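**Q** Chain by chain, the residues:
There are 2 protein chains.
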Amino acid sequence: MMRKEKKQVEEITAMEADFAQWYTDVVRKADLVDYASVRGSMIIRPYGYAIWEHIQKELDRQIKETGHENVYLPLFIPESLLQKEKDHIEGFAPEVAWVTHGGEEKLAERLCVRPTSEVLFCEHYANIIHSYRDLPKLYNQWGNVVRWEKTTRPFLRSLEFLWQEGHTCHATDEEAGEETRRMLEVYADVCEDYLAVPVLRGRKTDKEKFAGAKFTLTIESLMHDGKALQTGTSHHLGSGFAEAFGIQYTDKQGKLQHVHQTSWGITTRLIGALIMVHGDNRGLVLPPKIAPVQVMVIPIAQHKEGVLDKAYELKEQLNKTVRAGIDASDKSPGWKFSEHEMKGVPIRIEIGPKDIEKHQAVAVRRDTGEKIFLSLDELETRIPLLLEEIQKGLLQKAKAHREEKTNIALSMDEFKAVLESNPGFIKAMWCGDRECEDQIKEETGATSRCMPFEQEVISKTCVCCGQEAEELVYWAKAY
Amino acid sequence: MMRKEKKQVEEITAMEADFAQWYTDVVRKADLVDYASVRGSMIIRPYGYAIWEHIQKELDRQIKETGHENVYLPLFIPESLLQKEKDHIEGFAPEVAWVTHGGEEKLAERLCVRPTSEVLFCEHYANIIHSYRDLPKLYNQWGNVVRWEKTTRPFLRSLEFLWQEGHTCHATDEEAGEETRRMLEVYADVCEDYLAVPVLRGRKTDKEKFAGAKFTLTIESLMHDGKALQTGTSHHLGSGFAEAFGIQYTDKQGKLQHVHQTSWGITTRLIGALIMVHGDNRGLVLPPKIAPVQVMVIPIAQHKEGVLDKAYELKEQLNKTVRAGIDASDKSPGWKFSEHEMKGVPIRIEIGPKDIEKHQAVAVRRDTGEKIFLSLDELETRIPLLLEEIQKGLLQKAKAHREEKTNIALSMDEFKAVLESNPGFIKAMWCGDRECEDQIKEETGATSRCMPFEQEVISKTCVCCGQEAEELVYWAKAY
Ligand SMILES: [Zn+2]
Ligand SMILES: [Zn+2]
Numbered sequence: 041m042m043r044k045e046k047k048q049v050e051e052i053t054a055m056e057a058d059f060a061q062w063y064t065d066v067v068r069k070a071d072l073v074d075y076a077s078v079r080g081s082m083i084i085r086p087y088g089y090a091i092w093e094h095i096q097k098e099l100d101r102q103i104k105e106t107g108h109e110n111v112y113l114p115l116f117i118p119e120s121l122l123q124k125e126k127d128h129i130e131g132f133a134p135e136v137a138w139v140t141h142g143g144e145e146k147l148a149e150r151l152c153v154r155p156t157s158e159v160l161f162c163e164h165y166a167n168i169i170h171s172y173r174d175l176p177k178l179y180n181q182w183g184n185v186v187r188w189e190k191t192t193r194p195f196l197r198s199l200e201f202l203w204q205e206g207h208t209c210h211a212t213d214e215e216a217g218e219e220t221r222r223m224l225e226v227y228a229d230v231c232e233d234y235l236a237v238p239v240l241r242g243r244k245t246d247k248e249k250f251a252g253a254k255f256t257l258t259i260e261s262l263m264h265d266g267k268a269l270q271t272g273t274s275h276h277l278g279s280g281f282a283e284a285f286g287i288q289y290t291d292k293q294g295k296l297q298h299v300h301q302t303s304w305g306i307t308t309r310l311i312g313a314l315i316m317v318h319g320d321n322r323g324l325v326l327p328p329k330i331a332p333v334q335v336m337v338i339p340i341a342q343h344k345e346g347v348l349d350k351a352y353e354l355k356e357q358l359n360k361t362v363r364a365g366i367d368a369s370d371k372s373p374g375w376k377f378s379e380h381e382m383k384g385v386p387i388r389i390e391i392g393p394k395d396i397e398k399h400q401a402v403a404v405r406r407d408t409g410e411k412i413f414l415s416l417d418e419l420e421t422r423i424p425l426l427l428e429e430i431q432k433g434l435l436q437k438a439k440a441h442r443e444e445k446t447n448i449a450l451s452m453d454e455f456k457a458v459l460e461s462n463p464g465f466i467k468a469m470w471c472g473d474r475e476c477e478d479q480i481k482e483e484t485g486a487t488s489r490c491m492p493f494e495q496e497v498i499s500k501t502c503v504c505c506g507q508e509a510e511e512l513v514y515w516a517k518a519y
Numbered sequence: 041m042m043r044k045e046k047k048q049v050e051e052i053t054a055m056e057a058d059f060a061q062w063y064t065d066v067v068r069k070a071d072l073v074d075y076a077s078v079r080g081s082m083i084i085r086p087y088g089y090a091i092w093e094h095i096q097k098e099l100d101r102q103i104k105e106t107g108h109e110n111v112y113l114p115l116f117i118p119e120s121l122l123q124k125e126k127d128h129i130e131g132f133a134p135e136v137a138w139v140t141h142g143g144e145e146k147l148a149e150r151l152c153v154r155p156t157s158e159v160l161f162c163e164h165y166a167n168i169i170h171s172y173r174d175l176p177k178l179y180n181q182w183g184n185v186v187r188w189e190k191t192t193r194p195f196l197r198s199l200e201f202l203w204q205e206g207h208t209c210h211a212t213d214e215e216a217g218e219e220t221r222r223m224l225e226v227y228a229d230v231c232e233d234y235l236a237v238p239v240l241r242g243r244k245t246d247k248e249k250f251a252g253a254k255f256t257l258t259i260e261s262l263m264h265d266g267k268a269l270q271t272g273t274s275h276h277l278g279s280g281f282a283e284a285f286g287i288q289y290t291d292k293q294g295k296l297q298h299v300h301q302t303s304w305g306i307t308t309r310l311i312g313a314l315i316m317v318h319g320d321n322r323g324l325v326l327p328p329k330i331a332p333v334q335v336m337v338i339p340i341a342q343h344k345e346g347v348l349d350k351a352y353e354l355k356e357q358l359n360k361t362v363r364a365g366i367d368a369s370d371k372s373p374g375w376k377f378s379e380h381e382m383k384g385v386p387i388r389i390e391i392g393p394k395d396i397e398k399h400q401a402v403a404v405r406r407d408t409g410e411k412i413f414l415s416l417d418e419l420e421t422r423i424p425l426l427l428e429e430i431q432k433g434l435l436q437k438a439k440a441h442r443e444e445k446t447n448i449a450l451s452m453d454e455f456k457a458v459l460e461s462n463p464g465f466i467k468a469m470w471c472g473d474r475e476c477e478d479q480i481k482e483e484t485g486a487t488s489r490c491m492p493f494e495q496e497v498i499s500k501t502c503v504c505c506g507q508e509a510e511e512l513v514y515w516a517k518a519y
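If you read the protein sequences in the order shown, they are chains Y and S.
Mind the numbering: the first sequence is residues 41 to 519 in this note's numbering, read in order.
Mind the numbering: the second sequence is residues 41 to 519 in this note's numbering, read in order.
Calculated directly from the structure, the hints in this document are not laboratory data.
Computed from a predicted model, the values in this text were never measured in an experiment.
Treat the hints with caution; some may be incorrect.
In silico lysine to aspartate or glutamate, DMTMM-like type, Cα no more than 20 Å apart, as pairs [said to hold, decoys possible]:
| hint | chain 1 | residue 1 | chain 2 | residue 2 |
| --- | --- | --- | --- | --- |
| 1 | S | K190 | Y | E145 |
| 2 | Y | K104 | S | D71 |
| 3 | Y | K190 | S | E144 |
| 4 | Y | K355 | S | E283 |
| 5 | Y | K97 | S | E93 |
| 6 | S | K146 | Y | E145 |
| 7 | S | K292 | Y | D370 |
| 8 | Y | K371 | S | D174 |
| 9 | S | K104 | Y | D71 |
| 10 | Y | K104 | S | E149 |
| 11 | Y | K190 | S | E149 |
| 12 | S | K371 | Y | D291 |
| 13 | S | K97 | Y | D291 |
Produce the entire structure from the sequences given, and follow the hints as far as they go.
**A** Quick look at the structure:
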């Protein structure tokens, strides 16, 4: 091993030693982010942004395919507008940034930098919806939002983040409910089929639901350290916002009715999930479907005649069907290996003078480290298959990991013991009382992640108070 | 003409009567924007946003093709950071929005909402550039910015707008100059080849250049009312920012050097240019290359058997090669004609029972109103060609319009007379003195738009002071 290469690998903290530090190391060494001078803000660097663009592209396709249209609403919300829905302002007021001056002039009314855009959409909907013919309205917005968080971590919790927020209006409560579930399924599909991140689908408790919503659906994922991450939420807003903002339509009978609304969002947080679900002690591991570079060609002994030419030829050939790159820099092969492992490139292809003689190349899988000798003739057909295999393998591995770290608790003692010995999801019955939910959090640090759609009865009594149980809940410590 | 149809057409003010009101009418009636409760902010509605997405898609492709990478930097700039480059802060301070509170807490230092991101990029570049191997750095960002404008108009001048901003670092002044010109050419190409908006390429005077730049290149377009619109700018920043922010690299000889920078941007303003260059008294006229719907199929007597089926069949057939839509709503054909004319759809296709009998359809061009009878067999091949013809025709028409409205002035009297009789670009010689530039603005209301790359000598003396002339300048009243 060369000196430089060693040094680079050594610089990552092992995840077993300090998971938080490992995360920070990967985020920096894989060139995903840099810090900016405003506390808690991040710079998303080209490699990180390219991952986001791939996520965006697929999600945007599915959002449009399900009949939604993109729009753009303002960044600023007047304080009086934010206050129109009581629960909503209570939920968000503590964490918004306030603009008080424009140029040299003090504003008559403070403006908040949007933490989410429900009230802006509601004001707009009240303007443009009049008749049942105007429904449903299915809008989506890509943009940035700001939340004044006290403690921040790149991608997971930052002052400003990028996201999409869907906002829809429907004639009936039932239709809004269908939309809420439909978009959760879109999110689940993007997570599982593209990011290879398995998700648990369920409903949030009233304590954890969105401020102002009737109910919130959520997808929850388990990170490598056994902590949960909320990867997407879809809210049934009922008609509370419509009543506060006067969003009404004339139905077929000529009667005025309030609309029923939903909102749903997914954020740059997903990149955090990718890192913490698939990453290892060599760095990032990217699922092929969203990897900016799927295959990196690395010439060996590239100064020897014919090697570079052959390597470029392979890259061009691969580019017909996959996203291939080449690292022809003057760094050593060993340095390049660890660099592209750090960046999580799914496959590297080594090609040197001996390989050329044998009319072969060596493919190395990032996920398993497996070396595969491939005839140059079969490269073009085998690599796409190998990428599919890697994609599937990552999802299976993540699912198996989640299974291993999902336990049942029938008592609080069991709850605490298992959370200590094998941190992860804990399935436990709950009576439905907020008091028990609070007490579980206080005693264990775990919060209710969701009431899964697939309910089971693992006991008849609440894990906390022993009263009659109403729901199976997944609990976990969470990001 | 039906009553409803009439009403809709009547609602647009004629552009000859009141151009500003015509613009506002088109923007609203074509469903491009709606107003929001924050003064000067706009809601970009689905149709307007779809146009922006088409512009983005092409521009993003060309930005990447020229070697640039997308990144995302924070929304907020600490006041002290903004102040690091003296000219820059002087230029922008009067028009920024200030965040003074986060949640309940008053901030120790005010944060400005980015009006542009030079200082953020500079801070980042100082962190990541060390050696000549790190150069060039070619970054681009898509996002929103805020400028506290006093008077605002949708797309043309708003408190918040969407744009892309490129920021690059180079080893030499010459390379930065090449980049500045290269990106101006990309902008010119998008404007002329995609938006069919002809542009004049040139350099801004010192008075009109970007705050902190060495020089600014610009593309300028002429609107239907004879006023100019700056459609894109590309700035050579020299090494002033690099010196203020300490962006240095070690060159091949081991010597520390400052980098040379550029920045360049294009905004949602382009949608304003589209409207004011191509629009007419029936509404928007969209160039096919960026029209969200290129061909709208409108069934005639759609209740008659077979008509709707045939119309859907045509739409599917057209969708193989163009972006086709169908309006099968229960509105009258007349209503639909004016609706899609208002929205600027390049071609509408009428298909009714008689057409089906004759195995034909009627194509109507939005730009010329020409009716073309097409056999159903040739539809699939003829429509793409017709779209190309329309695209070319729009550019030619706009060029001819600009020619008609471009005049020469050899004296101030001539200048004023021609600006009055045929408002548009005025070509006049200039001595290079700021005083003359100021005086021309004061006397005529026209500003220097640019010193064109293609210089001519139309006189030897300055149109204002009579001293020796240095440059030919294009002048105009501008948005
Ligand atoms: Zn209980
Ligand atoms: Zn002069």
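**Q** Would you mind marking each hint as holding or not holding in the structure?
**A** Each hint tested on the structure:
1. Note on K190 of chain S and E145 of chain Y: the hinted pairing holds, with a Cα-Cα distance of about 11 Å set against a maximum of 20 Å.
2. For the hint pairing K104 of chain Y with D71 of chain S, the CA-to-CA distance comes to about 19 Å; that is within 20 Å, so the pair holds.
3. Restraint check: the Cα-Cα separation between K190 of chain Y and E144 of chain S comes to about 12 Å, which is no more than 20 Å; the hinted pair holds.
4. With a CA separation close to 40 Å, the supplied pair K355 of chain Y and E283 of chain S exceeds the 20 Å bound.
5. About 12 Å separates the Cα atoms of K97 of chain Y and E93 of chain S, which keeps this hinted pair within 20 Å; it holds.
6. With a C-alpha separation of about 18 Å, the suggested pairing of K146 of chain S with E145 of chain Y holds against the 20 Å cut-off.
7. At most 20 Å may separate the alpha-carbon atoms for a hinted pair to count; K292 of chain S and D370 of chain Y meet this at roughly 15 Å.
8. A distance of roughly 14 Å separates the Cα atoms of K371 of chain Y and D174 of chain S; the hinted pair therefore holds under the 20 Å criterion.
9. A threshold of 20 Å between alpha carbons decides the hint, and for K104 of chain S with D71 of chain Y the separation of about 19 Å falls inside it, so the pair holds.
10. Annotation: proposed proximity of K104 of chain Y to E149 of chain S is violated, straight-line Cα distance about 42 Å (limit 20 Å).
11. Under the criterion of a C-alpha separation no larger than 20 Å, the hint pairing K190 of chain Y with E149 of chain S is consistent with the structure, at around 16 Å.
12. For the hint pairing K371 of chain S with D291 of chain Y, the CA-to-CA distance comes to about 18 Å; that is within 20 Å, so the pair holds.
13. Pair hint K97 of chain S plus D291 of chain Y does not hold up; C-alpha atoms about 39 Å apart against a cutoff of 20 Å.
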